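Visitor: With these hints in hand, go ahead and build the complete structure from the sequences.
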Amino acid sequence: MRSTPTNSQSLFALRFAVAILGLLTFLACIPPSYSQENPYIVAYDHNLEEPGSLEVEYFSTFGTQRGGPDFHAYWAELEYGATAWWTTELYLDGQTTFGDSTIFTGFRWESRIRPLKNEHLINPVLYVEFENTNGADKILKEIEGHDVESDYAVANATARQEHTREMEFKLILSSNFKGWNFTENTIATKNLSNEPWEFGYAMGVSRPLAMKGAARRCNLCRQHFVVGAELYGGLGDRYSFGLRDTSHYLGAGLAWNLPSGWAFRIEPTFGLNDNSHQFLLRWGVSREFSGFGSMLAGLFRRRQE
Amino acid sequence: MKLYQFAIAGSLLFAGAIASASRQDTPRRSRQESVYDELKRTPEKYLAKINPLVNDADAAAAGGVLFEEHCEECHGREAVGGRKAPSLRAEEIQNAAPGAIFWILTNGVVRKKMPVWSKLPEPERWQLVSYIKSLGTHAAASKTTAKP
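Protein sequence lines correspond, in order, to chains H and E. Under the numbering used here, residues 1 to 305 are what the first sequence spells out, in order. Under the numbering used here, residues 1001 to 1148 are what the second sequence spells out, in order.
No lab work stands behind these hints: they were computed from the structure. Remember, predicted model here, so these are calculated numbers, not experimental data. Just so you know, even glycine gets a beta-carbon here, dropped at the ideal spot from N, CA and C. Mixed in with the good hints there might be a few duds.
[Unchecked claim] List of simulated lysine-lysine pairs, BS3-like, C-alpha gap at most 25 Å:
| # | chain 1 | residue 1 | chain 2 | residue 2 |
| --- | --- | --- | --- | --- |
| 1 | H | K117 | E | K1049 |
| 2 | H | K117 | H | K178 |
| 3 | E | K1040 | E | K1112 |
| 4 | H | K190 | E | K1045 |
| 5 | E | K1112 | H | K190 |
| 6 | E | K1045 | E | K1112 |
| 7 | H | K178 | E | K1045 |
| 8 | H | K190 | E | K1049 |
| 9 | E | K1112 | E | K1084 |
| 10 | E | K1040 | H | K190 |
| 11 | E | K1045 | E | K1084 |
| 12 | H | K178 | E | K1084 |
[What the hints assert, rightly or not] Examples of chain E residues toward chain H, derived with CB under 8 Å:
| # | residue |
| --- | --- |
| 13 | D1058 |
| 14 | E1069 |
| 15 | V1110 |
| 16 | K1113 |
| 17 | M1114 |
| 18 | V1116 |
| 19 | P1123 |
| 20 | G1136 |
| 21 | T1137 |
Guide: Pasting the structure below:
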């Protein structure tokens, strides 16, 4: 008998919950390690995950919506340092639209590759992502093409009928200079159906509150706090390139990196034109686990014996 | 979203993790030696650098805290090295110019698993240099450690 969409979704949710529970049990056996995160939510810098480390992250975006109910979008990230020059990451997205429903909106899988061996004044990183989401996705992880606020006012039941499979490419140009980080991301996206290339941008600047480490272990030392700002928005598509008829945002962020391996980020963000959501509150929590790769390899080896 | 697509993505991620982790866990003496060889590639500009925190009494202690947070996992609690990374008490390191160690921290040895630590501000990297230089060689390690 063919299963109904509701049954298959429930089955998927059950399997997903079991997988997450299994992963959390596994992670409980791995020691956490300190991570030094910049406060960016949208922009990427050239600092990749340490090899063999797994970072588990959860992010939320509360957004105001004109012409519809406000929403709370969220996503989980599993970020793994495959090598010192290659980081790969899986995203799982969902959202709750107030007065409407809560739904899973899809997944993304990305890789970041650092092509140059040494540190330079400007450090390029190549980013490739496959995205399989539905039209109800509201995480606003990047703005591309002519994304505008009214796109997000559609009811979940209607929006989720639209399926999007995209390849996304970014050129990340980032610099660390005198404790400051400056980063610029150029985004190009191609929907795998017959739609034009779309473009976007993200820029960020950040700096820790203190440049020197303290001589004792502490949670509230100034070097554990990083402040920053990011600016991001769309650049139209190949037929109408530019800053018009799209949305732009400016956010001010704070990251708190605890020696225990936990990191917290918060970023109030404001829309810069009439096409943008007026206000977004973004926040996230993450924990880094060192030695994940070694432990995984150990399990694999034991099974071979 | 179809479940099989999710399963394919997950499997590929898992396989990549296994493959890279397996490679990380196969250290060889030659690899460790080649990591030390990276010190010889330090540009003159860095070799001439003087640690600006050389007179800072807290620098080594602060570097010890940073070492615990960022380096201990691979180089070991006593910095004597491990399966993933070489000893920092080796003569190659202890006799190296502070600027050379600073250069390695700044640039990493990306092709040999040593991450780039340029995300740490310069003073923190110099604090790490102070700590590493305070460790002494293996012989000294058996008597005392400089850890705070």
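Visitor: Could you run down the list of hints and mark each one as holding or not?
Guide: Hints, verified against the model:
no. : hint              : result
1   : H:K117 / E:K1049  : holds, 22 Å
2   : H:K117 / H:K178   : holds, 21 Å
3   : E:K1040 / E:K1112 : holds, 15 Å
4   : H:K190 / E:K1045  : violated, 44 Å
5   : E:K1112 / H:K190  : violated, 34 Å
6   : E:K1045 / E:K1112 : holds, 23 Å
7   : H:K178 / E:K1045  : holds, 17 Å
8   : H:K190 / E:K1049  : violated, 47 Å
9   : E:K1112 / E:K1084 : holds, 10 Å
10  : E:K1040 / H:K190  : violated, 45 Å
11  : E:K1045 / E:K1084 : violated, 29 Å
12  : H:K178 / E:K1084  : violated, 30 Å
13  : D1058             : holds, 4 Å
14  : E1069             : holds, 4 Å
15  : V1110             : holds, 4 Å
16  : K1113             : holds, 5 Å
17  : M1114             : holds, 6 Å
18  : V1116             : holds, 6 Å
19  : P1123             : holds, 4 Å
20  : G1136             : violated, 20 Å
21  : T1137             : violated, 24 Å
In the structure shown, a violation is registered for the earlier hints numbered 4, 5, 8, 10, 11, 12, 20, 21, in ascending order.
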